[in-house]
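Take a look at the letters that make up each chain.
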Amino acid sequence: MSTVLQHTINGLTLGTIYALMALGYSMVYGVLYFINFAHGDVAMVGAYLWVVVLMGKMGLPSGLAILLSLILTAFIGIMIDRIVYVPLRRAPRLAMIISSLGVSMILSTGAEVVFGVFQQPVPAIIPNKIFRFGGAVMNLHHLIILLVSLVLMVGLQLLVYRTKMGVALRAVSFSRETAGVMGIDTDKVTSFAFGLGSLLGAVAAIMVGIYYGSIYPTMGATIGIKAFTAAVVGGIGNIPGAMLGGLLLGVLESLAGAYISSGYRNAIAFSALVIVLLFRPFGLLGSTGRGVDRA
Amino acid sequence: MTSKRWQATALAAAGLLGVPLVVGNPYILHVGIFLLMYVALSSSLNIVLGLAGQPSLAHATFLGVGAYAAALAALRLHWPYWVNLGFGGVTAALLGLIVGLPSVRVRGHHLAIVTIGFAQIVRLIEINWDRLTSGPMGLPGIPTATIASRPFGRIGFYYLFLLIAGATLFVVNRISRSRIGRALAAVRDDEMAAEALGVDTRYYKVYAFVISTFWAGVCGAAYAHYMTFVSPDSFTQADSTTILCMVILGGSGTLFGPVIGASVLALAPELLRFASGYRYMLVGLVMVVAVIARQSGFDRLWKRTAAMLGRLLPFGLRGRLHRNG
Amino acid sequence: MKQVRVVVVVGLILMVALSACSRGSTKTLKIAYVGPLSGAVAGIGQRSLRGIRLAADEINAAGGINGRLIEIVPYDDRADPKEAASVANLLASNAEILAVIGHNNSSCTLAAAPIYNAAKLPDISSDSSSPKITDAGPYIFRVRNSDTYTVAYNVEKMWEAGYRKIGILYENNDFGRGGFEVGTATLKSLGSAPAAAEAFLLGETKDFSTAITNSKKAGVEAILLYGNQTEIALFVKQAHLMDYKPSVWGATGGFNPEIVLLAGPDAEGIIASTVFYPEDPRPEVQNYVKKFLAKYKSEGITEVDTFGPTAYDALRIHAEAIKKNGATREGINKYLTTLKDFPGVIGTITFDQNGDVQIPLKLLIIKGGQFVPWDVTKK
Numbered sequence: 001m002s003t004v005l006q007h008t009i010n011g012l013t014l015g016t017i018y019a020l021m022a023l024g025y026s027m028v029y030g031v032l033y034f035i036n037f038a039h040g041d042v043a044m045v046g047a048y049l050w051v052v053v054l055m056g057k058m059g060l061p062s063g064l065a066i067l068l069s070l071i072l073t074a075f076i077g078i079m080i081d082r083i084v085y086v087p088l089r090r091a092p093r094l095a096m097i098i099s100s101l102g103v104s105m106i107l108s109t110g111a112e113v114v115f116g117v118f119q120q121p122v123p124a125i126i127p128n129k130i131f132r133f134g135g136a137v138m139n140l141h142h143l144i145i146l147l148v149s150l151v152l153m154v155g156l157q158l159l160v161y162r163t164k165m166g167v168a169l170r171a172v173s174f175s176r177e178t179a180g181v182m183g184i185d186t187d188k189v190t191s192f193a194f195g196l197g198s199l200l201g202a203v204a205a206i207m208v209g210i211y212y213g214s215i216y217p218t219m220g221a222t223i224g225i226k227a228f229t230a231a232v233v234g235g236i237g238n239i240p241g242a243m244l245g246g247l248l249l250g251v252l253e254s255l256a257g258a259y260i261s262s263g264y265r266n267a268i269a270f271s272a273l274v275i276v277l278l279f280r281p282f283g284l285l286g287s288t289g290r291g292v293d294r295a
Numbered sequence: 001m002t003s004k005r006w007q008a009t010a011l012a013a014a015g016l017l018g019v020p021l022v023v024g025n026p027y028i029l030h031v032g033i034f035l036l037m038y039v040a041l042s043s044s045l046n047i048v049l050g051l052a053g054q055p056s057l058a059h060a061t062f063l064g065v066g067a068y069a070a071a072l073a074a075l076r077l078h079w080p081y082w083v084n085l086g087f088g089g090v091t092a093a094l095l096g097l098i099v100g101l102p103s104v105r106v107r108g109h110h111l112a113i114v115t116i117g118f119a120q121i122v123r124l125i126e127i128n129w130d131r132l133t134s135g136p137m138g139l140p141g142i143p144t145a146t147i148a149s150r151p152f153g154r155i156g157f158y159y160l161f162l163l164i165a166g167a168t169l170f171v172v173n174r175i176s177r178s179r180i181g182r183a184l185a186a187v188r189d190d191e192m193a194a195e196a197l198g199v200d201t202r203y204y205k206v207y208a209f210v211i212s213t214f215w216a217g218v219c220g221a222a223y224a225h226y227m228t229f230v231s232p233d234s235f236t237q238a239d240s241t242t243i244l245c246m247v248i249l250g251g252s253g254t255l256f257g258p259v260i261g262a263s264v265l266a267l268a269p270e271l272l273r274f275a276s277g278y279r280y281m282l283v284g285l286v287m288v289v290a291v292i293a294r295q296s297g298f299d300r301l302w303k304r305t306a307a308m309l310g311r312l313l314p315f316g317l318r319g320r321l322h323r324n325g
Numbered sequence: 001m002k003q004v005r006v007v008v009v010v011g012l013i014l015m016v017a018l019s020a021c022s023r024g025s026t027k028t029l030k031i032a033y034v035g036p037l038s039g040a041v042a043g044i045g046q047r048s049l050r051g052i053r054l055a056a057d058e059i060n061a062a063g064g065i066n067g068r069l070i071e072i073v074p075y076d077d078r079a080d081p082k083e084a085a086s087v088a089n090l091l092a093s094n095a096e097i098l099a100v101i102g103h104n105n106s107s108c109t110l111a112a113a114p115i116y117n118a119a120k121l122p123d124i125s126s127d128s129s130s131p132k133i134t135d136a137g138p139y140i141f142r143v144r145n146s147d148t149y150t151v152a153y154n155v156e157k158m159w160e161a162g163y164r165k166i167g168i169l170y171e172n173n174d175f176g177r178g179g180f181e182v183g184t185a186t187l188k189s190l191g192s193a194p195a196a197a198e199a200f201l202l203g204e205t206k207d208f209s210t211a212i213t214n215s216k217k218a219g220v221e222a223i224l225l226y227g228n229q230t231e232i233a234l235f236v237k238q239a240h241l242m243d244y245k246p247s248v249w250g251a252t253g254g255f256n257p258e259i260v261l262l263a264g265p266d267a268e269g270i271i272a273s274t275v276f277y278p279e280d281p282r283p284e285v286q287n288y289v290k291k292f293l294a295k296y297k298s299e300g301i302t303e304v305d306t307f308g309p310t311a312y313d314a315l316r317i318h319a320e321a322i323k324k325n326g327a328t329r330e331g332i333n334k335y336l337t338t339l340k341d342f343p344g345v346i347g348t349i350t351f352d353q354n355g356d357v358q359i360p361l362k363l364l365i366i367k368g369g370q371f372v373p374w375d376v377t378k379k
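Protein chains in written order, with our numbering: chain A, 1 to 295; chain B, 1 to 325; chain C, 1 to 379.
To be clear, the hints were calculated from the coordinates, so they are not data collected in a lab. Bear in mind that the values here come from a model prediction, so they are computed numbers and not experimental data. Beta carbons: idealized from backbone N, C-alpha and C, even for Gly. Among these hints, one or two may not hold up.
As the list claims (entries may be wrong) - Per the computed footprint, the stretches of chain C lying under chain B, defined by three or more beta-carbons under 8 angstroms from a beta-carbon of chain B, are:
1. 100-110
2. 363-373
Claimed, not checked - Computed list of chain C residues with no C-beta within reach of chain B, every gap over 10 angstroms:
3. Gly64
4. Gly67
5. Ala119
6. Ser192
7. Val289
8. Phe342
9. Thr348
I would like the entire structure built from these sequences, with the hints used as guidance.
This is the structure in structure tokens:
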């Protein structure tokens with residue numbers, strides 16, 4: 001029983017990281033109806049900014065560095081939208097996907113060129129403290145990641161359902177035209193979605209760095225494709241869906257690796273998700289275009 | 001076709017056919033072979049993506065399936081290459097059938113996920129089922145294709161891939177002009193309306209998948225006999241994404257769009273080799289610029305860039321830019 | 001239709017341009033290096049290239065070979081067999097390329113091998129360890145031990161050290177699975193079997209919690225982690241976070257100072273095997289270390305890795321071949337086939353009839369953040 005608990009804890013920790021990343025995909029999809037393939041790479045840039053530029057070159061304390069890098073990453077996300085995606089607003093969505101793939105290549109290769117191709121070690125800012133219960137082991141790292149993710153997700157829910165911007169977000173994702181006609185500044189809302197999504201992605205990437213001790217330029221693609229899957233399975237465009245999808249993927253991957261086969265763990269997790277899609281073709285909680293408020 | 005079009009086609013055909021006779025450099029022939037392979041791959045993906053509107057992110061996986069089928073048939077059963085071409089195609093088509101079935105229920109991005117999942121699963125089978133596939137170490141030593149007991153060599157494979165590429169283009173052309181093509185277009189443009197009008201969308205979607213993956217499998221078999229080595233890391237998700245980009249960049253749904261897309265994305269990395277570390281950054285840049293340019297038209301892009309630069313440059317140059325832009 | 005014409009014309013122009021392209025200076029002796037210089041595993045490519053450049057600069061500083069200087073031409077294969085084949089074709093058709101050092105990844109070497117063989121272009125791989133390379137052809141050589149040798153050695157030593165519950169953790173690619181199979185076979189010959197066996201995906205798996213939990217449950221005392229330094233570091237960090245401290249044997253991948261950088265204090269006790277370590281008192285090694293650090297200090301490099309020395313020796317072998325048999329592909333190959341007792345940094349190098357080597361391994365353990373020589377009997 002204790003090992004199931006252990007695997008579940010591992011899975012949830014992994015899952016919250018996927019969830020945070022998945023939220024970025026869902027937010028952008030919600031307002032623009034396209035999958036931003038550059039999302040994972042923007043998040044990676046955020047992590048690098050934190051470790052190499054802010055903490056490394058400028059010697060800032062880690063907390064301040066994290067805050068600054070989150071703001072910078074949000075800004076970068078918004079800029080990319082302005083420069084690359086805005087000219088394509090009227091283009092078929094496939095075109096936007098291509099350009100986002102192009103941006104992804106530019107960012108990941110750029111990071112290789114600027115920061116080097118090697119693994120970048122991340123200083124250990126969380127002390128190593130172990131908690132034991134029920135035969136399972138939980139580290140302070142697990143705890144902090146889970147707590148921070150929880151706070152962020154609750155915060156996001158509050159934002160989407162209790163604030164004016166949240167209403168605007170939901171309105172735009174329900175129908176962009178109608179929202180525009182009603183006087184909502186759709187461009188501002190879109191930029192906000194990009195900024196917030198990129199920020200959450202950066203949090204995920206930084207957590208990856210802290211938990212695993214290192215980051216690397218191609219990490220955007222690795223986590224990105226899983227987070228994208230999680231977002232779609234949960235219901236693309238749907239915020240609680242993205243969270244659910246991420247957690248589900250993390251736990252599935254962990255349990256599958258443990259009890260079936262670690263070599264096949266990705267395949268099994270993917271198969272499970274594919275099966276979910278076969279039964280619920282629009283994702284577990286439904287995707288945008290069918291109404292956003294599905295909790 | 002008008003006589004002008006005939007002339008153009010004849011010119012192109014002569015050019016393509018004459019290449020191996022004029023060019024002796026094996027590297028260039030090799031690049032040509034891969035270019036033709038990607039033309040065939042992007043054209044076959046066009047059937048599913050462009051004609052039927054179903055996003056498939058697993059095309060390289062079917063290439064791999066065909067390659068492995070041919071490799072195993074050649075190594076274990078000692079079948080000759082021309083049988084393997086068909087065998088590779090059929091094996092890939094069977095799997096295409098399996099992937100096509102969920103497409104009946106699942107649409108859009110969700111279907112894309114299903115295809116990605118399928119790709120991951122097949123890749124992991126390739127890696128783990130080593131009794132069959134020899135795992136990640138791959139299968140070296142596949143016999144090359146021979147004609148009258150002389151090996152094909154690069155020239156032979158060039159013509160083989162030219163044949164396959166021509167065949168896929170022919171198939172795409174025939175389908176798009178036929179009743180099936182109209183049905184696929186209906187499915188692509190408005191599936192619900194098509195169903196309401198009595199089009200058997202299920203049949204046509206699966207049909208598209210099967211035809212498309214058959215040709216990918218044929219390419220795979222040819223690939224196996226050309227490279228004489230297959231391994232799982234030749235058919236990755238990145239490769240599938242690249243083929244997808246080729247179709248969309250060039251213009252999905254059109255006949256020659258994927259050809260152009262394949263030309264750009266297959267040749268760019270080779271031409272940009274001098275840029276070493278920056279190579280793929282430039283490829284990404286090419287993609288972004290090409291997409292934006294196609295959308296706004298090259299004309300407007302130039303004017304916009306000129307205007308932007310004009311705001312930054314001193315007066316003399318500004319006038320000059322405007323005169324030419 | 002106009003589009004087609006444009007494409008054809010552009011294509012023709014490009015072809016002419018490309019064939020006119022490789023017109024460098026013909027006075028230099030061109031030796032190509034192909035490896036992953038960008039992408040997920042670019043670290044090993046860059047490291048190999050450093051070793052090669054060190055050797056080339058040394059030889060050139062001494063006047064080159066018969067008055068001609070060596071020019072290293074690097075190419076990137078991104079660890080993708082298709083790119084490897086492209087580059088192989090490029091090199092084969094470029095008559096100025098006399099020899100190749102490449103590739104790092106076994107699947108790339110295997111993909112390129114038929115092309116080198118057909119073009120009679122001699123290739124020494126400094127890093128490929130798959131057993132399949134033994135049969136890769138008459139023009140393919142390597143200065144890296146086959147997995148068969150490395151893993152069997154390590155597993156036997158683990159047994160000698162008294163561990164009976166041995167787990168094997170391996171990369172799910174040609175490098176790792178080769179190791180896994182040999183490891184299992186070795187344990188079988190000792191009358192045992194792996195207590196736990198887990199695979200992970202190179203460059204993708206960063207999370208070993210599953211493997212750790214299962215190994216812990218199976219009571220594994222010692223783990224053979226057949227992977228790269230990144231995975232080994234991640235594994236020990238996570239294992240210790242989960243309060244599990246087995247004896248970790250990293251074999252070749254284990255000997256990499258980056259592990260200490262990435263894993264910190266968790267790296268203590270890791271056992272690595274290698275043909276080369278910088279503290280080796282042998283004079284060839286000390287000379288190499290001195291020269292390497294002197295050359296690359298300005299780039300901020302303070303550690304000597306294991307990818308450099310094998311590549312360094314590979315270039316020196318090619319250079320010696322040119323000196324003895326002239327600047328032709330055939331001449332170089334002839335020398336390689338008869339190479340015997342070449343004094344390398346990694347040891348005495350002899351190519352057997354398949355172009356393989358068997359360089360004796362040394363065991364090292366991480367103590368106080370440093371690799372120190374270790375003897376099984378001392379345990």
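How the hints compare with the structure:
Three residues within the 8 angstroms Cβ limit are the bar, and the segment 100-110 of chain C against chain B gives 3, so the coverage statement holds. Look at the segment 363-373 of chain C against chain B: 0 of its residues bring a Cβ nearer than 8 angstroms to a Cβ of that chain, fewer than three, so the hint is violated. At roughly 25 angstroms from the closest C-beta of chain B, the C-beta of Gly64 (chain C) stays outside 10 angstroms, upholding its exclusion from the interface. Every C-beta of chain B lies more than 10 angstroms from that of Gly67 (chain C), the closest at about 29 angstroms, which supports listing it as non-interface.
The Cβ of Ala119 (chain C) does not lie farther than 10 angstroms from every Cβ of chain B; its closest approach is about 8 angstroms, which violates its non-interface assignment. No Cβ of chain B comes within 10 angstroms of the Cβ of Ser192 (chain C); the nearest lies about 22 angstroms off, and the non-interface call holds. Against the 10 angstroms criterion, Val289 (chain C) stays outside the reach of chain B, whose nearest CB is about 28 angstroms from its own CB. Interface exclusion of Phe342 (chain C) from chain B stands, the closest Cβ pair being 27 angstroms apart, more than 10 angstroms.
Residue-level check passed: Thr348 (chain C) sits 29 angstroms from the nearest beta carbon of chain B, beyond 10 angstroms.
Figure legend: structure checked against the earlier numbered hints; hints not met, in rising order: 2 and 5.
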